[in-house]
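Under our numbering, think of the first position of the sequence shown as 1434, with each following residue one higher.
Because the hints were derived from the structure by calculation, they are not lab data. Errors might be hidden in some of the hints.
Unchecked claim - Simulated DEER-style distance windows between Cβ atoms: (1) A1525 / P1736: 48 to 54 Å; (2) A1512 / A1480: 20 to 26 Å; (3) A1709 / C1625: 17 to 23 Å; (4) G1741 / A1480: 44 to 50 Å; (5) D1488 / A1762: 47 to 53 Å; (6) E1478 / V1743: 27 to 33 Å; (7) G1544 / D1758: 17 to 23 Å; (8) S1673 / G1544: 37 to 43 Å; (9) S1673 / P1736: 27 to 33 Å.
Every residue gets a Cβ at the ideal spot worked out from N, C-alpha and C, and that includes glycine.
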Amino acid sequence: MNRTVAAVIALAAAVTALAGCAPEPAAQPAATMVPCAPGAVAVGEGAESLQAALDAAVPGTVLQLSPTVYRGRFRAAVAATAEAPIILCGSAGTVLDGGDVADGYTLHLEGAAYWDIRDLDVRGGQKGVVLDATTHSTLSGLTISDVGQEGLHLRAGSADNTVRSVTIERTGRTDPEFGEGVYVGSAESNWCRYTECGPDRSDRNTFTDLVVADTTAEALDVKEGTTGGVVRDSSLSVGSASVVDSVVDLKGSEWRFEGNTVAGSVDAVSIHAILAPWGAANIVAGNDLRPGAGGVGVAVVGPARGQGNVVGCDNSVPAGVSLTDVACA
């Protein structure tokens, strides 16, 4: 081998050795969650981390959940203020999973006030989300599904709350007769259980942009004792195996049910007067009503016919279907 060739081989070997010693490219930093609100505090994975964060929350706290599944049942019981609400927000992929559909509430707000809960999925448990004695709180961007009984229940004097852009589906997995999508208040027979034997005044709650589907009981059940609620711009339907006679049942007073789409194999909306003075002065107007064969758009039942309930002539029903069994206005 001549000296020139040997020099070239030696140089190539040196270059190869140096390349092997070169440092690897620096690892890219892991993507961080975009804060859902200023001051957001990341909640770690695991049920214990979440419950500890809920227990420790004070007015003004912002809790941002990880993009993971939190398996368990969770309770929030802190009262915040209008000036300093408590925010509980999810990230893409956040799920609260209550597990066994025969027992428990997956998310329970009890005596809470001024909570803002947004952008997460809730599934499993006997009930999905329950508000007891909870006021001035907001639920938005939630999907509630696959529960044993009702998806969302506001009761025990839960008032002045806002529910918007919430999807509820596949309720009543274990108890079809209790598989309501949204349930407001409580039946008179339960007042001694929840409200010291007085009316359950779960009043002035507002629901907008809901999607409720595949329920085994009413998509919306509004109980006697409640007053002044609003339901607008929502899509409400029941499953083919539902065990009710209407998709929506209004038994409270002074509710406004406007601009909604209602569909099912039964009457679209019914108004009942179960206990005076409730079942009065409700307004059902501007809705697209699609009852099943033989059903009507709005059934005003028995004593409710003399209680000032208004069925707007601007509600629509398919050709050949009766709008209502009273005069529209």
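Worksheet item: Is 37 to 43 Å a correct range for the gap between the Cβ atoms of S1673 and G1544?
Response: holds, 39 Å
Worksheet item: Taking the beta carbons of A1525 and P1736, is their distance inside 48 to 54 Å?
Response: Given a distance of about 50 Å, which is inside 48 to 54 Å, the answer is holds.
Worksheet item: Is 47 to 53 Å right for how far apart the beta carbons of D1488 and A1762 are?
Response: About 51 Å separates the Cβ atoms of D1488 and A1762, which means 47 to 53 Å holds.
Discussion item. Looking only at beta-carbon atoms, does the pair S1673, P1736 fall within the given range of 27 to 33 Å?
Written reply: For P1736 against S1673, whose Cβ atoms are near 31 Å apart, the range 27 to 33 Å holds.
Worksheet entry | Assessment of proposed distance window 27 to 33 Å (beta carbons of E1478, V1743) | The hinted range 27 to 33 Å is violated for E1478 and V1743, with Cβ atoms some 51 Å apart.
Discussion item. Given the hint of 17 to 23 Å, is the C-beta distance from A1709 to C1625 inside that range or not?
Written reply: holds, 19 Å
Worksheet item: Using the C-beta atoms of G1741 and A1480, is the stated range 44 to 50 Å upheld?
Response: holds, 49 Å
Discussion item. Just to be sure I understand the hint, the distance between the Cβ atoms of G1544 and D1758 should be within 17 to 23 Å; is that true here?
Written reply: Check failed, 42 Å falls outside 17 to 23 Å.
Worksheet item: Is 20 to 26 Å a correct range for the gap between the Cβ atoms of A1512 and A1480?
Response: holds, 23 Å
Of the numbered hints listed earlier, those contradicted by the structure are 6, 7.
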